[in-house]
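Chains as they are written, first to last, in my numbering: chain A, 1 to 759; chain B, 1 to 111.
These are computed hints drawn from the structure, not numbers from a lab.
Since this is a predicted model, take the numbers as computed values, not measurements.
Think of the CB as a built atom: it goes at the ideal place given N, C-alpha and C, for glycine as much as any other residue.
Only true hints are included.
According to the in silico footprint, chain A covers these stretches of chain B (three or more CB under 8 Å from chain A):
#1 56-64
#2 88-96
With a cut-off of at most 30 Å between alpha-carbon atoms, the simulated BS3-like pairs for lysine-lysine come out as follows:
#3 A:Lys719 / B:Lys84
#4 B:Lys43 / B:Lys84
#5 B:Lys2 / B:Lys19
#6 B:Lys41 / B:Lys2
#7 B:Lys19 / A:Lys651
#8 A:Lys651 / B:Lys84
#9 B:Lys19 / B:Lys43
#10 B:Lys41 / B:Lys19
#11 B:Lys109 / B:Lys84
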Amino acid sequence: MSVSLITAVIYVIFGAVLFLLGTVIFRENPRGRVNHITALMLFFAGLGPVFGAIGMALGPEPTSGYLSSSPLYYNVFYLWEMLFPQLVFFALVFPVVHPWFVRWRRLKYLIFVPHVFHIVWVSFLARPELDFLDPDKLTGVLKVILSPLGYILRLASLFFSVLLEFHTKFFSVINLVYIMIAFWLLLTGYRKLTNPRQRRQLKLLLWGIPGAMGMYAMAFLLPSLGVWQPPEIVRYILVVLALVLGVGTIAWSIIRHQFLDVRLIVRQSLVFSISSALLVAAYLLVIMQVSGLIKDALDLETPLIDVSLIGLLLIFFQPVKEQIDDLVTRFFLRDKADYRTIIERYSADIASVFQPDVLKRRMMEVITGPVYIERAFFAFRGDNGGYAVERKGLAESMIAPAEEIAADDPVVECLAQCERPVFIDDLSECGADSQLYPRLKEWGCRLVVPIRERDDLAGILFLSEKVSGFRYSYEDINLFSVLTNQLAAGLTNSRLYAEALEKQKLEEELNVARQIQIQLLPQSNPAGPGYALSSFAHPSRQVGGDYYDYFERPDGKIGMVVADVSGKGVPAALLVSQLQAILRAEVRMDKPLPAIISTVNQIVTETTSPEKFATLFYADWDPGRRRLTYVNAGHNYPIVVRRGGTCHDLKAGGLVLGVLADATYEQAQMELDPGDVVLIYTDGLSELHNPAGEEFGEERLQRFLIDNRHLPVEAIKNKLIRDASRFALGELGFDDLTIIILKLEDGGLSTDVVPHSDE
Amino acid sequence: MKLSHREEAGVAILEPRGKIMGGPDATLLHDQLHEFIKEGKLKVIIDLSGVDWMNSTGLGILISGLTTLRNNKGELKLANVTEKIQSLLTITKLVTVFDAHDSIDEAIKSF
Numbered sequence: 001m002s003v004s005l006i007t008a009v010i011y012v013i014f015g016a017v018l019f020l021l022g023t024v025i026f027r028e029n030p031r032g033r034v035n036h037i038t039a040l041m042l043f044f045a046g047l048g049p050v051f052g053a054i055g056m057a058l059g060p061e062p063t064s065g066y067l068s069s070s071p072l073y074y075n076v077f078y079l080w081e082m083l084f085p086q087l088v089f090f091a092l093v094f095p096v097v098h099p100w101f102v103r104w105r106r107l108k109y110l111i112f113v114p115h116v117f118h119i120v121w122v123s124f125l126a127r128p129e130l131d132f133l134d135p136d137k138l139t140g141v142l143k144v145i146l147s148p149l150g151y152i153l154r155l156a157s158l159f160f161s162v163l164l165e166f167h168t169k170f171f172s173v174i175n176l177v178y179i180m181i182a183f184w185l186l187l188t189g190y191r192k193l194t195n196p197r198q199r200r201q202l203k204l205l206l207w208g209i210p211g212a213m214g215m216y217a218m219a220f221l222l223p224s225l226g227v228w229q230p231p232e233i234v235r236y237i238l239v240v241l242a243l244v245l246g247v248g249t250i251a252w253s254i255i256r257h258q259f260l261d262v263r264l265i266v267r268q269s270l271v272f273s274i275s276s277a278l279l280v281a282a283y284l285l286v287i288m289q290v291s292g293l294i295k296d297a298l299d300l301e302t303p304l305i306d307v308s309l310i311g312l313l314l315i316f317f318q319p320v321k322e323q324i325d326d327l328v329t330r331f332f333l334r335d336k337a338d339y340r341t342i343i344e345r346y347s348a349d350i351a352s353v354f355q356p357d358v359l360k361r362r363m364m365e366v367i368t369g370p371v372y373i374e375r376a377f378f379a380f381r382g383d384n385g386g387y388a389v390e391r392k393g394l395a396e397s398m399i400a401p402a403e404e405i406a407a408d409d410p411v412v413e414c415l416a417q418c419e420r421p422v423f424i425d426d427l428s429e430c431g432a433d434s435q436l437y438p439r440l441k442e443w444g445c446r447l448v449v450p451i452r453e454r455d456d457l458a459g460i461l462f463l464s465e466k467v468s469g470f471r472y473s474y475e476d477i478n479l480f481s482v483l484t485n486q487l488a489a490g491l492t493n494s495r496l497y498a499e500a501l502e503k504q505k506l507e508e509e510l511n512v513a514r515q516i517q518i519q520l521l522p523q524s525n526p527a528g529p530g531y532a533l534s535s536f537a538h539p540s541r542q543v544g545g546d547y548y549d550y551f552e553r554p555d556g557k558i559g560m561v562v563a564d565v566s567g568k569g570v571p572a573a574l575l576v577s578q579l580q581a582i583l584r585a586e587v588r589m590d591k592p593l594p595a596i597i598s599t600v601n602q603i604v605t606e607t608t609s610p611e612k613f614a615t616l617f618y619a620d621w622d623p624g625r626r627r628l629t630y631v632n633a634g635h636n637y638p639i640v641v642r643r644g645g646t647c648h649d650l651k652a653g654g655l656v657l658g659v660l661a662d663a664t665y666e667q668a669q670m671e672l673d674p675g676d677v678v679l680i681y682t683d684g685l686s687e688l689h690n691p692a693g694e695e696f697g698e699e700r701l702q703r704f705l706i707d708n709r710h711l712p713v714e715a716i717k718n719k720l721i722r723d724a725s726r727f728a729l730g731e732l733g734f735d736d737l738t739i740i741i742l743k744l745e746d747g748g749l750s751t752d753v754v755p756h757s758d759e
Numbered sequence: 001m002k003l004s005h006r007e008e009a010g011v012a013i014l015e016p017r018g019k020i021m022g023g024p025d026a027t028l029l030h031d032q033l034h035e036f037i038k039e040g041k042l043k044v045i046i047d048l049s050g051v052d053w054m055n056s057t058g059l060g061i062l063i064s065g066l067t068t069l070r071n072n073k074g075e076l077k078l079a080n081v082t083e084k085i086q087s088l089l090t091i092t093k094l095v096t097v098f099d100a101h102d103s104i105d106e107a108i109k110s111f
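Construct all of the structure, not just a fragment, from the sequences and the given hints.
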């Protein structure tokens, strides 16, 4: 009784180990062909010892072998022999898929036929209580119905009994043949392999499978041939050893092949199988006792009690086993495949999520979910330098040891030197003067993970112990290291993204400012009989400091202005807008020009800082009298080229605007004649540089105007811009550039005009 | 722009070199002028012999310096103005605002 109990427990342990290995290999890659074939094979192999254990618990078989008189469930137990065809399948796909496996798409499943036949037909049809095939034993209605078929039935019965006899004797031979086929397949596979690592793996299999085959032959084949009759216990041990050797080497090869962590799996397997075995043993003990009690009480000797108790056991055992399985999965079954998945999933988050809060929450979900850590919290550097405690994705009930962590706490300073996660106990030296350290200990902190952005300690992750109570493994620490690095990268990304957005917004605002400024510029050039105007504006940046405008004066004259504000960008543009607003208001009034400019100067001086100023040229053009009245407030001298080719600068006026509030301005007049050209421009034109550092300059401008004065005004402008950009090698410079050209139509008149002086 | 300074006959002399372009140059000059005002040095000459060119921002810096000193009852004079800057001052008519001299000695005498 006690010997068989121990053997049963050992059987269950082996069975459980095989089940677990199957589960692990299946979980590693559920879609992998090798994985599910191997997993199913291990599952069948595990059935053997488990059924053996149950069989022992139920007592010795009524008769040995595959005899039809044994109870029904004994034949179900032989389900485990499906292992052998499955082994052939395995040999067909490992280490490389054999062409047969693909070519015989459906046909390959025929190798299961002997075993299915064995279980279904022999177990259910060739039983004494179902022996309706013998017409002599038939009675009643069945006899009436079936007696005409007596001959056929008799033949069938004979066939079955021969089959059964053969089967009983030689079924083990079929299994051995399968093992040999598998061995042969693996051997051919081995010969084709060139990779030394794969060869080592397969070599192990090539030792393990014949070993298992030999033991299996000793246990079943020799006895059925009547050569050797080993004691029952020796037979069981041989079977177990064969299973361990054969399937164990296969599992080992797979694990090495797929880079699974063997130590982890072995540890998990042991924990799982020992706990399962203890559970089964406990149940078995209970059943034995209860069964004995019932038998004594009822004075009955029937297998019915055992069978029903087994049924009960399975019903009770199932939920408990599921729970154990669940626990094992949650606490121990965290192999590299899981780490890989975690890291892959989190990497996808990093690449697509730009909200720091979401990144932190996902990370916390990973830590408290798949990794299964009891409590955890983040602290991230705040604006004041301290580390604010955050509890993203955590239960409300969790209490953090502090609200904020000081940046100068010795523990934090130690962490700032750490590249990798550290155990809290390793921080004990730093913790001597720390306020945080005792609170962390009290809180149950085990592991501290620094979150680094380049050289800066951006945050800290505090972890309590794992729910399982196990120490953090090397793999755990690696995982945290990788995850926090990813988090740091994600946080950097999200910050850069926010900055880019901000910049984009600013650029959009500048674009709007530019649009406004462009709309403020005149939409067209005024024109009238005897004269034509043309203009061009090229702002250097989005918004510029140049400005030009036309006005209709109360007395019918055409006002024109070109101004250049010091500086660039938005501040310059603001001053431009101000200038424009003042001027537009002033020119409506019938005031002398110097008075208008004085007012503008006064306002600009009073409303801007001292270093801001503007140069401005203003002119009123009287088309009737062909007279230009102007004020030059510190602006580049406009150039007048006469029809005859002489040049004049328009200098009269006063100081630049915005320097002295009480500056005074004078105006000057100039009579123009048909064919004359006036060019008003900003220094962006005259100060254009070529790559040699040479300036475009006023002389070149004058020369250009003299050479091209006969052209229509548009043509002069276009040619000027073309020549200027050609001079600067296509680059219109970093400064704003603005031009107004006034040309009086010559109308075929050709008179020698006496030049008017403007001073 | 590089900026050095010295003192001669009770007059602070600023010696910028290179191009006066604005940005950091403005702060540099501005800070130095305020330093002088704090030390009670209200007679300042800017020696422009080492400045070959300035843009409108550079001109703004000079105007701002002038205004700052005037507001503190001080005086700013320019000396050794190069031809290019002279023409800039002429065009903008800032010659009427700045007291420009051909040499440091002349500038010192003019105080």
